[in-house]
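Chain by chain, the residues run as shown.
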Amino acid sequence: MTFSLQAAVVERGFDVALSLGPTETVAVMGPNGAGKSTLFSVIAGLLRPDSGRAELNGRTLFHLADGERTWTAPHHRGTALLAQEPLLFPHLSVLDNVAFGPRSTGTVRHLAISRAMHWLAEVEASDLAARRPEELSGGQAQRVAVARALAADPGLLLLDEPMAALDIHSAPLLRRLLKRVLTGRQAIIITHDVLDALMLADRVVILEGGRIVEEGPARKVLERPRSAFAAGLAGLNFVPGTSAGTGILTSGGRHIAGHSEDPIPAGRPAAAAFPPSAVSVFLDDAHGSPRNSFTVRITDLEPHGDLIRVRAGGLAADVTPAASADLGLLPGLTVHFVVKAAAVSVYETWQNLSDGARTPEVPAET
Amino acid sequence: MTGHQAYTGIPRWLYGLAALAALVVVLPLAAMAARVNWANFLPLVTSEPALAALGLSLRTSVASAGLCVVLGVPLAVVLARGRFPLSGLLRSLVLLPLVLPPVVGGIALLYTFGRQGLLGGTLEVLGLRIAFSTTAVILAQTFVALPFLVVSLEGALRTGGQRYEAVAATLGASPGTVFRRVTVPLVLPGLASGAVLSFARSLGEFGATLTFAGSLQGVTRTLPLEIYLQRETDPDAAVALSLVLVAVAVAVVALAYRRPARPAGNKATTRPTAAAGPGGGVT
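If you read the sequences in order, they're chains A and B.
Numbering (the numbering used here) for the first sequence: 1 to 366.
Numbering (the numbering used here) for the second sequence: 1 to 283.
Keep in mind the hints are simulated off the structure, nothing from the lab.
Computed from a predicted structure; not experimentally measured.
Beta carbons are placed, not taken as given, at the ideal position from N, Cα and C, and that holds for glycine.
A hint or two may mislead.
Said to hold, decoys possible - To give an idea of the chain B side of the interface with chain A (calculated C-beta under 8 Å), a few residues:
1) L118
2) L119
3) G121
4) T122
5) L123
6) A169
7) V182
8) P185
What the hints assert, rightly or not - A partial selection of chain B residues facing chain A, derived with a Cβ cut-off under 10 Å:
9) S174
10) P175
11) L188
Whenever a hint applies, use it, and build me the whole structure from the sequences.
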């Protein structure tokens with residue numbers, strides 16, 4: 001009982017291979033235009049890829065290759081889609097919305113209704129059954145949409161940023177709810193929020209430019225990001241290069257000193273990562289070893305909690321407002337970002353991404 | 001009126017021109033209403049030929065509006081959502097009756113369904129004679145009214161998008177079920193206003209009817225034809241009957257473009273209604 005996919009959409013530069021274990025939830029993250037929506041459209045059958053193959057629980061969703069034109073219509077796939085907006089049918093009551101899936105697949109009315117009541121109870125929305133969708137708050141509507149998707153008994157649940165349109169009070173409630181109902185199910189969740197990945201997903205997949213650039217357990221991806229995007233999610237400074245001694249050599253030829261847990265043979269693809277809090281900002285070139293100093297021009301200053309985040313040369317440093325005022329930091333000013341080698345984590349970034357069918361690792365927190 | 005009106009950005013002289021435009025429409029109607037012979041109004045509009053014409057007009061218009069719904073809904077759906085070559089050309093052709101002189105439509109119908117027409121021979125063999133029959137009236141009215149339904153429905157289908165349909169499909173609904181339980185209910189306001197508009201257009205149809213169906217009392221002489229005939233012999237009757245048509249038209253427009261009564265607090269998820277109408281398109 002698994003899901004596997006390999007699909008290419010030439011026009012969009014999309015080429016992805018992905019598979020899920022029987023009860024696995026995978027978070028898909030990536031910048032806008034990375035191909036996340038394309039991925040869902042292909043899985044749900046709303047977009048026909050140029051080539052590829054997908055199977056869900058032993059059944060072929062599509063197989064498009066030379067001489068192969070197998071295509072299962074969306075309504076026969078069992079891949080219920082939950083979008084950013086609840087998209088409850090406005091002309092049906094909440095109960096009829098939830099009963100829509102079972103009714104559509106031929107379940108007799110009273111059974112469909114009792115199944116709808118069951119799922120409404122699961123999402124703590126039984127009292128909303130008689131309401132019209134327009135009478136619901138955003139959070140309530142999204143809970144009903146979850147119930148509607150689950151009532152269709154999908155083999156694979158596709159969640160497209162389900163929390164994105166909710167206010168900060170409704171989102172945690174829905175996140176807890178999803179955590180509960182996703183247990184023991186196959187699901188893919190597109191999200192921009194690290195918290196969703198950590199809390200709901202067994203594994204994180206980073207999509208960039210239509211390709212999977214990184215995947216692994218959420219904690220691992222966030223601790224040792226292999227892509228600039230993942231590093232951004234984890235809030236880390238990220239410099240790619242090749243391993244050299246205990247540090248890395250960037251493509252520009254500069255050496256960054258750091259430490260690695262395991263020794264890395266020289267010349268391997270590697271990255272240096274360090275938190276903005278480990279970066280000190282100086283106006284003049286500071287001396288002292290072992291330190292890394294970057295001469296950079298400030299592009300932006302922005303509030304970050306009770307600190308000020310200084311962005312310069314693709315790196316970030318966190319300083320106190322007092323320090324920022326003392327130094328007279330302003331965009332356009334040239335400063336020196338200094339970070340101790342001990343704060344720089346160096347690791348290999350090589351990863352075999354074509355091996356999408358590997359057994360998922362079960363994270364400790366579930 | 002309150003003293004706190006929001007800024008509208010309308011230059012003052014625009015109001016003058018707008019008033020002029022309104023006059024162009026309203027003044028002739030008022031002038032006609034002023035000529036109504038109220039003393040004889042009831043006898044005039046209840047004369048036997050008048051009642052026959054009114055009855056025929058209502059019956060045939062209901063039939064053509066029904067035909068427009070049956071044929072226009074599939075056409076609008078295919079035009080709005082189907083992907084096939086030359087769909088743009090098909091749309092232009094279907095909308096042609098909107099700008100075509102109805103008399104030209106009548107001639108075209110005559111050369112299609114008339115005895116000498118394209119399908120006339122075949123229909124003759126089957127024992128069907130369409131030209132100059134009530135069926136011809138309905139056909140002529142459907143010909144001119146169909147684009148009204150297609151345009152207003154296609155607008156509603158396009159503005160609505162297909163996100164609900166996509167969700168319904170992933171929940172397991174077949175295309176037929178999606179059409180029946182999602183698409184049609186969602187565009188119902190657009191469909192209703194389209195049907196009312198095509199009914200109104202049918203009611204006013206004159207040129208194509210006269211050319212293709214003739215003017216036989218009780219069979220093909222609809223109210224507009226009766227008015228045109230009476231104009232020669234009994235102007236008072238023509239004016240009185242015209243007023244009846246105006247009243248029906250006003251009622252129809254009011255029905256089609258009334259603001260939908262919906263509960264407050266509409267969400268963005270509800271679709272715009274009556275996309276083709278000036279009072280519609282309110283989300």
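Going down the list of hints, with the structure as the test:
no.: 1; hint: L118; verdict: violated, 39 Å
no.: 2; hint: L119; verdict: violated, 38 Å
no.: 3; hint: G121; verdict: violated, 44 Å
no.: 4; hint: T122; verdict: violated, 39 Å
no.: 5; hint: L123; verdict: violated, 40 Å
no.: 6; hint: A169; verdict: holds, 4 Å
no.: 7; hint: V182; verdict: holds, 6 Å
no.: 8; hint: P185; verdict: holds, 4 Å
no.: 9; hint: S174; verdict: holds, 5 Å
no.: 10; hint: P175; verdict: holds, 8 Å
no.: 11; hint: L188; verdict: holds, 8 Å
In summary, the structure is inconsistent with hints 1, 2, 3, 4, 5 from the numbered list given earlier, while agreeing with the others.
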